[in-house]
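Using the sequences and the hints, build the whole thing.
Residues 94 to 224, numbered by the numbering used here, are exactly what the sequence shown covers, in order.
Because the hints were derived from the structure by calculation, they are not lab data. Being a predicted model, the structure only gives us computed values, none of them experimental. The beta carbon of each residue, even a glycine, is placed where N, CA and C say it ideally should be. Hints are not guaranteed to be accurate.
Computed beta-carbon distance windows for the label pairs [unchecked claim]: (1) G176 <-> I149: 15 to 23 Å; (2) S151 <-> V118: 33 to 41 Å; (3) T110 <-> R181: 19 to 27 Å; (4) P174 <-> P101: 14 to 22 Å; (5) R98 <-> H178: 17 to 25 Å; (6) G141 <-> E109: 28 to 36 Å; (7) L127 <-> G150: 17 to 25 Å; (8) E145 <-> F117: 29 to 37 Å; (9) M146 <-> R113: 26 to 34 Å; (10) G159 <-> H107: 18 to 26 Å.
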Amino acid sequence: MPGGRDLPYCESLHGETAARIRAFVEGGGSYLGLCAGGYFGCAEVEFGQGTEMEVIGSRELAFFPGVARGPVYPGFEYGRPVGAHAARIRFRVSPGGEEDEGGRDAPIASSAKVAYTLSANSLESNLAKRV
94 MPGGRDLPYC
104 ESLHGETAAR
114 IRAFVEGGGS
124 YLGLCAGGYF
134 GCAEVEFGQG
144 TEMEVIGSRE
154 LAFFPGVARG
164 PVYPGFEYGR
174 PVGAHAARIR
184 FRVSPGGEED
194 EGGRDAPIAS
204 SAKVAYTLSA
214 NSLESNLAKR
224 V
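Dropping the structure here:
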């Protein structure tokens with residue numbers, strides 16, 4: 094699911110369409126949410142609290158059961174590269190698609206069935222709150 098803003102996804106992909114996306118993933122398909130697509134796949138979103146960009150609310154897919162918070166980097170502006178950063182992402186999965194505590198690194202193109210969404214904003218924000 095691409096980036097942009099997730100509210101249009103919420104408006105146009107709710108109900109039956111969201112149920113079809115969920116059924117696809119639960120049936121063995123994959124979901125990769127980038128930026129807004131990552132937020133759209135989480136249970137809750139807290140984006141830009143206290144700013145004119147504020148978006149707070151629940152999301153239907155809830156592949157990630159937690160809260161996606163962002164933006165991580167100061168100065169983010171929609172439609173401009175200001176505040177955007179590249180993030181290195183590594184997945185650790187077992188051949189069956191379940192988390193493998195010992196783990197092996199799996200390339201992003203792996204066929205592993207991981208029903209978690211990820212964006213640099215939500216990942217780094219949640220990691221920062223744990224440290």
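Measuring from beta carbon to beta carbon, are T110 and R181 in 19 to 27 Å?
Cβ of T110 to Cβ of R181: about 32 Å, so the range 19 to 27 Å is violated.
Kindly confirm whether 14 to 22 Å is satisfied by the beta carbon distance between P174 and P101.
holds, 21 Å
Do the beta carbons of G141 and E109 sit within 28 to 36 Å of each other?
holds, 30 Å
Using the Cβ atoms, figure out if R98 sits within 17 to 25 Å of H178.
Hint holds: Cβ distance 18 Å, inside 17 to 25 Å.
Given a hinted range of 18 to 26 Å, is it respected by the beta-carbon distance of G159 and H107?
For G159 and H107 the Cβ distance comes to about 20 Å; the hint holds.
At the C-beta level, are G176 and I149 separated by a distance inside 15 to 23 Å?
holds, 19 Å
Falls inside 29 to 37 Å, the C-beta gap from E145 to F117?
holds, 35 Å
Just tell me: holds or violated, for the beta carbon distance of L127 and G150 against 17 to 25 Å?
holds, 20 Å
Quick check: does the Cβ-Cβ distance between M146 and R113 fall within 26 to 34 Å?
The hint (26 to 34 Å, Cβ to Cβ) holds, given that M146 and R113 are roughly 29 Å apart.
Assuming the hint says 33 to 41 Å, is it satisfied by the Cβ distance from S151 to V118 or not?
For V118 against S151, whose Cβ atoms are near 18 Å apart, the range 33 to 41 Å is violated.
Violated hints for the displayed structure, listed by number in ascending order: 2 and 3.
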